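Asks: With the hints as your guide, set chain B onto chain A.
Residue numbers (our numbering), protein chains in the order written: chain A, 1 to 307; chain B, 308 to 534.
No lab work stands behind these hints: they were computed from the structure. Incorrect hints may have been included.
[Stated by the list, open to error] No more than 20 Å apart at the CA atoms, straight line, and that leaves these computed lysine to any residue pairs for SDA-like: (1) A:Lys-284 with B:Leu-321; (2) A:Lys-241 with B:Lys-372; (3) A:Lys-143 with B:Ala-488; (4) B:Lys-372 with A:Lys-143; (5) B:Lys-506 with A:Lys-241; (6) A:Lys-241 with B:Leu-321; (7) A:Lys-284 with B:Lys-506; (8) B:Lys-372 with A:Val-122; (9) A:Lys-241 with B:Gln-345.
[What the hints assert, rightly or not] Between beta-carbon pairs, the in silico distance windows are: (10) A:Asn-222 with B:Gln-464: 20 to 26 Å; (11) A:Gly-295 with B:Ser-332: 46 to 52 Å; (12) A:Asn-177 with B:Ala-346: 47 to 53 Å.
These numbers come from a predicted model, not from an experiment. Every residue gets a Cβ at the ideal spot worked out from N, C-alpha and C, and that includes glycine.
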Amino acid sequence: MSITIVKSGIQCSIQDLGRWGYQQYGVPVGGVMDRESAITANRLCGNVDEEALLECTLHGTVITCDETITFALTGGGARATVNGCGLDYNRLIRMVAGSQLKLHPDPQGCRTYISISGGLQVTTELGSAATYLPSGIGGIAGKNPEAGQQILLKDACRMQEWGRDIVIREDGFGVGNWRAQVQPLPHVNETVLIACESGPEWDWFDADSQLRFFETPFTISNHANRMGYRLDGTLLQLKEKRELLSTAVTAGIVQVTNEGHPIILMADAQTIGGYPRIARLTSKAISLLAQCRPGVKARFSMNGFLS
Amino acid sequence: MKPLRIYSISDQALTIAFSEVISESANQHVLQLHHRLQAAPFPGFIESVPAYSSLTVYFSAQTNKEEVTTQLNKLLTEFTEDETLETGEMRKHIVPVCYEGAYGADLQVVASATGLSIQEIIEIHTGMTFRVFMIGFVPGFAYMGILPPELEMPRRQSPRLEVPAGSVAIAGRQTGIYPAAIPGGWHIIGRTPWRLFDKNAEPCSRLCAGDLVQFEAITTEAFEQLS
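The shape of chain A in the complex, shown without the other chains:
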């Protein structure tokens, strides 16, 4: 029992909730970019939150299966079809052997999570299946799945049972009649509000930069990947030239480069950093940002902000 990646699309990787316990050796936590959507997908499928699933960036991914599978799509960045028929995200779906799930371009969101009831049969490395490409850890032998690759499914029993009541239509699939309640996705043309709290070096920045940090929107640049999002916009300045002694950083930290560009660290963030940290995102805001693609405007908003 397996699924086959017919096309991998822009980026499709195997992820879970991350590789904890190895940061002291320099190994990033990694894992899903949008934790909320990933957990929703797994819960819809009756899987544990930590179950490995697919994270697809934007569109292009095509998947087929060799037996009936039950799965869920969450997040966004694409419009999904099975055998050519459109279907909703955040619902349980059942499709028969040979059906094709396709992700098409869509202006909302950025990352789709595909969880399959029973889970993927993938080997864990350093305690996690999450793919960390720079060091070739996790995933399929340290890599992302390629076109034509098969991924075995784990729990055949759960697969048969979960979503058994879903009626399969003539075109080979069926959709469960209830859906998970989720936050709306950011549209490419809107300005997203990113909730944050003051960072450890907030007071290193001059008053004018502190003001502009909240008042002027930034644009997510093309330098936005699983490691971090570089923002374009106003440049942020320190009160005086000062060097930070390298210390731990993590996803959600907003660090500012010497030139004054903010970079928001994301799932694959390095474990140690040396740039001043102006702010830190709330967990919810990290998930929201993971659904924003380059070009989206983001404005920081205070959340229990201590000034």
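Replies: Okay, now just chain B, sitting in the frame of chain A:
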């Protein structure tokens, strides 16, 4: 040693900073606390990450941050009363390094900038024991120090797009080894045949925070044999 500051870096992480500069005694405290937490974790503890002069403690999302702060403060109080806590096993490594030819790509640049001869640079680098302050930047990268002031170098103006794996490099008062072929801005003075990161090894990083390292010069022939 009392911490300077305790602050959040995420909803699930607190950093305890002992100093704002590189200091062996602050790092010693960081590692003592790190080992204490590993040996006797509080409920909800996930992991702790040592840096030069700070320790960051990660805890589960279900754990209350105030409770963690209380636990850590309690630990820190006991800690200041007992300065002779375990820092774990003190390991010393003799790391073979070839400083010859292309392996020491920036030796000439360092020599010109510092006024030292290449031989003197190698003698300084192999003549002392370094402390591994922390592992980070990329998996298995050891930040070691403290280099004497005469070898202090600013970073390269433009970082190399790819530094070969095993390159031994210096920057500021630090020395380090690149565990994989990655971009880098430090000055390369040699190369080791050692593999610094192996996801299948236990632990996955050959060097760990708190380890001691002495470099030993080897010939090109020896390097090739060991590779």
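Asks: All hints, please: hold or fail.
Replies: Each hint, compared with the structure:
1. A:Lys-284 with B:Leu-321: 18 Å, holds
2. A:Lys-241 with B:Lys-372: Violated, at about 33 Å.
3. A:Lys-143 with B:Ala-488: Between Lys-143 of chain A and Ala-488 of chain B the Cα gap is close to 17 Å, so the pair holds against 20 Å.
4. B:Lys-372 with A:Lys-143: Violated: Lys-372 of chain B and Lys-143 of chain A sit about 36 Å apart, past 20 Å.
5. B:Lys-506 with A:Lys-241: Violated, at roughly 39 Å.
6. A:Lys-241 with B:Leu-321: Violated, because 26 Å separates the two Cα atoms, which is more than 20 Å.
7. A:Lys-284 with B:Lys-506: 31 Å, violated
8. B:Lys-372 with A:Val-122: 34 Å, violated
9. A:Lys-241 with B:Gln-345: Violated - the C-alpha atoms of Gln-345 of chain B and Lys-241 of chain A are around 37 Å apart, more than 20 Å.
10. A:Asn-222 with B:Gln-464: 20 to 26 Å: Once the Cβ atoms are compared, 25 Å apart, the range 20 to 26 Å for Gln-464 of chain B and Asn-222 of chain A holds.
11. A:Gly-295 with B:Ser-332: 46 to 52 Å: Between Gly-295 of chain A and Ser-332 of chain B, where Cβ atoms are some 49 Å apart, the hint holds.
12. A:Asn-177 with B:Ala-346: 47 to 53 Å: 52 Å, holds
Checked against the numbered hints given earlier, this structure breaks hints 2, 4, 5, 6, 7, 8 and 9; the rest are met.
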